[in-house]
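As given, the protein sequences belong to chains A and B, one line each in that order.
Be aware that the first sequence starts at 1, since it is given in the working numbering, and climbs by one per residue.
Be aware that the second sequence starts at 1, since it is given in the working numbering, and climbs by one per residue.
Some clues are possibly wrong.
[As the list claims (entries may be wrong)] Taking CB as the label site, the calculated pair distances span: (1) A:Leu15 / B:Arg103: 50 to 58 Å; (2) B:Arg103 / A:Leu449: 27 to 35 Å; (3) B:Lys46 / A:Leu374: 15 to 23 Å; (4) A:Glu608 / B:Asp122: 18 to 26 Å; (5) A:Lys380 / B:Leu15: 29 to 37 Å.
[To be verified] Only pairs whose alpha carbons sit at most 25 Å apart, straight line, appear in this in silico BS3-like list of lysine-lysine: (6) A:Lys273 / B:Lys51; (7) B:Lys51 / A:Lys383; (8) B:Lys117 / B:Lys51; (9) B:Lys113 / A:Lys393; (10) B:Lys117 / A:Lys383; (11) A:Lys380 / B:Lys113; (12) B:Lys7 / A:Lys521; (13) A:Lys565 / A:Lys545; (14) A:Lys383 / B:Lys113; (15) A:Lys521 / A:Lys206; (16) A:Lys380 / B:Lys51; (17) B:Lys76 / B:Lys113; (18) B:Lys46 / A:Lys383; (19) A:Lys393 / B:Lys76.
[What the hints assert, rightly or not] Beyond 12 Å from chain A on every Cβ pair, some chain B residues (computed): (20) Leu9; (21) Gly19; (22) Pro83; (23) Gly87; (24) Gln100; (25) Leu118.
Hints were generated in silico from the structure; no laboratory data involved.
Ideal Cβ positions, reconstructed from N, Cα and C, are used throughout, including at glycine.
Here is how the chains run, residue by residue.
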Amino acid sequence: MISLLGRGLILLALLAAAFGIVTGLVAGARKSEQGLHITRRAALVFAAAMILANLTMEYALFAHDFSVWYVTRVGSRSSPNWVTFVSLWSSLEGSILFWGAIIGGYIGLFALLYKERYQDYVAYALAVMLMVGGFFALILSAPADPFKPVFPVPSDGPGPNPLLQNHILMALHPPLLYLGYVGMTVPFAIAMAAVLRGKLSEGWLKPLRRWTLAPWLFLTVGIVLGGWWAYEVLGWGGYWAWDPVENASFLPWLAATGYLHSTVVHERRRVLKVWTLSLVIIAFLLTMLGTFMTRSGVFNSVHAFSQSEIGPIFLVFIGVMVLFSLGALAGRSHLLEPEGRFVAVVSRETAFLLNNLVLLTFTFTVLLGTVYPLITESFKGVKVSVGEPYFNKMALPLGLMLTFLMGIGPALPWGRSDAKALWKGLGFPVSMGLGVVGLGYLQGIHGGLSLTAFGLCAFAATITLRELLMPTVKRVLLHRETWVLAVVKSIWGSRRRFGGYLVHLAVIMVIAAIAASHGFKTQAESSLTPGQSLSIGAYTLTFEKLNFSEEPHRTTVAAQLRVQKNGDSLGTIAPAMNFYPTQREPVGTPDVRTFGAEDLYTSLMTFEQDGSRAAVKAFVNPLVSWIWWSLPLFIVGTLISLWPQRRARPAPTPKAALGAA
Amino acid sequence: MSPTQQKRLTAVLALLIAGAALAYLAMSNVEENLVYYWTPTDLLAKASTVKDATIRLGGMVKVDSKEWNAETLSLKFIMSESPVGDGPSITVVSTGAPPQMFREGIGCIVEGKYDGKLFHADRLMVKHSNEYRPPKEGEDAHDMYKTMDEDEMPADHPQRKRRDTESPAPMPSTEPKEERL
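One chain only, chain A, in its complex shape (with noise of 0.2 Å):
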C-alpha cells in the first residue's frame, strides 16, 4: 500500500518535471505568459509530489511498516524517535529521496515567491530547475527507488549505520548540507536563464546573489557542523581529513565563495560577468560531481560504500549538464559583453580578482588531488589515494594568501588609489600583526608558518574590526548618537558590507584555529590499570574504573578518569565505547572538554572487560573550540547582508576611515 502510493508520488513528480521542462524551455524561448503559467503549475506539482513521498517514507518508517524496502534496511523497532526520523537519510535511497524534497522545496518557493517579478527569466529558470529535479526522480523511480515493495515482510530491521546514530548532531548536519547543496541549482538555474536569456539585467542580479549566499550559508553551516560530528565521535582528536566526502562539500563552497566576491566587482566596475556566471554553474556543477562521488560507490574506503548502480547515471548528468551549460555560454558570451573595465592595479577590484584567482587555484588544487585516483585507478589499474601532506602543503599558503588578501582589500578603494594615504591607512594594522608575531614568538612559538599565520590573521582582524566598527565610532563622535542609534544606523546603512565583514571575521577565528590546531597540538596515549595515570601537558588523567551501561540499542563502555590540572581537581570524564548490536565495530563518544582556550579531548581505545585495563588516548588541541564558536558570526554576518535592500550606499573611503584612526 505505502508502496504503491510512494512510487505513484516519484511516478507524478517525474511526469510533472518532464512536462515543465518542456513548457519552461518554449514558454522562455517564446516569452509566452500562458506557458509560464502552466511551467510554474507543474513546478508546483512537482514540488508537493516530491515533499508528499518524503512523508510517506516518514511514515513507513514510524509505521515500522516492514513491507517497504527502505524500512527494513534502516528501520528498527529499538530506535529511538529521533533516529526513527533521522533514518530517512541515512542510507543511500532515502538520502536521495530527502535530496528531491529539497529541490521539491526549493522549486516550490522559487515559483511561489516570483508571480510577478522577473517574468523574463522565470520559465528558463524554472525549466532548469526541473531538469535537475526530474534527473533525482528519475533515480528514484528505479535505480534507486526506496518504496520497493518486499516479501516476506520482516519483523524488524538493523535500523541505521550506528555511526549515525550515535550523535544528535547528525539530525541537524546532513539536512543543513543538503540545504546548501541542493540549494546551489538555484543560482545554477537563474544563472542559466540569464545565459539563455541572453541578458543579465541589474534586477536579475539580486536574486542571483540572494539565492547563492543562502545555500552558501548552510553548505557554511553544514560544513563546519560536519567537523564538529568528525570531532565528537571520531575519536581521533581532528576535525578535517581532507576525506574525498569532506572535499565535495568544500568545493562547491570555495567556487560559491568565489562568486560571492566577484559579484560585487561585477556590480561596481560592469566587469566579469561570464566569469561571475561561470562561477555559479562551476559550484552547482561541483555539487553534481559531490553528489556522485558521495552517491556511486567510486571511493573506496575502510567501510565500504555500497556500490549501487546509480553511478553511470550521474556521470551521464554530469556529462549532459556540462556541455549544456559550455554550450549556453558560449553561445550566448558574446551578449554578455563587459560593460566597464578595470583602471588601477593598486585597487579594491584587484583585491577581489586575486581572490578569485587564490580560491579558484585552491577547488583546482582539492579537486586533483580528490579525483586522482580515479584517474590513475580507471586509466593505470594502480590503486592510490591522495595523502592528507598533499592537501595540507597546497591549501597553507593559498589560506595564507586569503587571509592576506582579507585584510588589504578592505584597506584599498576602489579605483586608482594614493599611496602615501595607503601606507598611513595600513600603519595600525600591520604593526599589530607584527606585535601578534613578536609576542607569539616571546610566548615560545618560533615556527615561521604559525607566526606568519597568525600575525596576517591579527592584520585582518585589525582591518576589519576597524572597517566593522568605525562607521559607528565616527556617528557617536562627529554626529553625537548614542552608541545604540549609531550601532543600528551605521549597520543598517550598510548591511552588505557589515554582513560581509562579519563573516570575514568568522573566516579569520577559523583560520587561527586551524593554525593553532594544527602547530600545537599535543597528544599522549597510555594504557592504564585503575589508580594509573597519563600526563599530558598540564594535566594529569588518573583511571578510576569501567562503567558498563545499558540502552535498548546499544551498550556502553566508558572510562572514568579523574582529571587533575597543575594539581587543582578539574573533575572527571568519561570516554567512552558504545556497542550496536547490529554493527562490530563500537562507535566510539571521546570526551571533549574545554578549558579556557584549549580543549582536552579524550578517547577509549581498548579495555580489558574485568576493568582491569584501559588503553586511552589524549589530545590537548588549542582554539579548536573557535572553529565551533564562528558559527554565530558566520550566520549572523551572513543574515545582515542577505537582509533585503533599496540601494546600495558607497562604501567609505579609507581616508575617511582613517582620519579617525
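Following the hints, position chain B against chain A.
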C-alpha cells in the same frame, strides 16, 4: 598592437604561466604524497621500486602471530593474504593501542612504510564489511560481540537477524574515519 591589446596579452600570458606553474606544482606534489594500496604479495614484489612511499597494506592478521604489550603499547603481528598457511607474509610493528575489534584472523589495513624487513604502521584499521553474514556452522556468533554481556543478547534476538546486504551509505562528510594511531 594597441596598448590595451598589449596589456591584455601580457595579462593572459602571465595567467597562463602562473597556471602552468601551479599545475606542475600540484602534480608533483600529488605524486610525492601518493599512498599505494597493496596486498602483501604486491608489497614483496614492488618494495624495492618505491623506497619511501607510504603504503596502505591490506590483508589478514595471521593466527597466533599477535604480540601485544599493554605496558609499552607495542604491537607486532604478521599480515598475510590468508589467516593461516604459508602465503607471502609481512611483519607489522606499531605503537599504540589497536582498535577494540582488532584480533587474529580478521581483515586489517595498515598504513605506513616498509623498510625491507618490518612494516612500520602509523595507522591501523580493522577491515570490516558492514555486510551481514550469518554465522557459519560451528562459528560462535557471540565472538562478534565479545565485549557485550552475552546474557543480554540471546542469539535469536531479532536485532541479530540483520539483513542489510549492503553497507549503509553515509552522507557527505560522515564517512566513518579509521582509528588513527
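Evaluated hints:
| no. | hint | in the structure |
| --- | --- | --- |
| 1 | A:Leu15 / B:Arg103: 50 to 58 Å | holds, 54 Å |
| 2 | B:Arg103 / A:Leu449: 27 to 35 Å | violated, 42 Å |
| 3 | B:Lys46 / A:Leu374: 15 to 23 Å | holds, 22 Å |
| 4 | A:Glu608 / B:Asp122: 18 to 26 Å | holds, 25 Å |
| 5 | A:Lys380 / B:Leu15: 29 to 37 Å | holds, 31 Å |
| 6 | A:Lys273 / B:Lys51 | violated, 50 Å |
| 7 | B:Lys51 / A:Lys383 | holds, 18 Å |
| 8 | B:Lys117 / B:Lys51 | holds, 13 Å |
| 9 | B:Lys113 / A:Lys393 | holds, 20 Å |
| 10 | B:Lys117 / A:Lys383 | holds, 23 Å |
| 11 | A:Lys380 / B:Lys113 | holds, 23 Å |
| 12 | B:Lys7 / A:Lys521 | violated, 48 Å |
| 13 | A:Lys565 / A:Lys545 | holds, 20 Å |
| 14 | A:Lys383 / B:Lys113 | holds, 17 Å |
| 15 | A:Lys521 / A:Lys206 | violated, 44 Å |
| 16 | A:Lys380 / B:Lys51 | holds, 20 Å |
| 17 | B:Lys76 / B:Lys113 | holds, 15 Å |
| 18 | B:Lys46 / A:Lys383 | holds, 14 Å |
| 19 | A:Lys393 / B:Lys76 | violated, 32 Å |
| 20 | Leu9 | holds, 15 Å |
| 21 | Gly19 | violated, 9 Å |
| 22 | Pro83 | holds, 16 Å |
| 23 | Gly87 | holds, 20 Å |
| 24 | Gln100 | violated, 5 Å |
| 25 | Leu118 | holds, 21 Å |
Consistency note: the structure conflicts with the earlier hints numbered 2, 6, 12, 15, 19, 21, 24.
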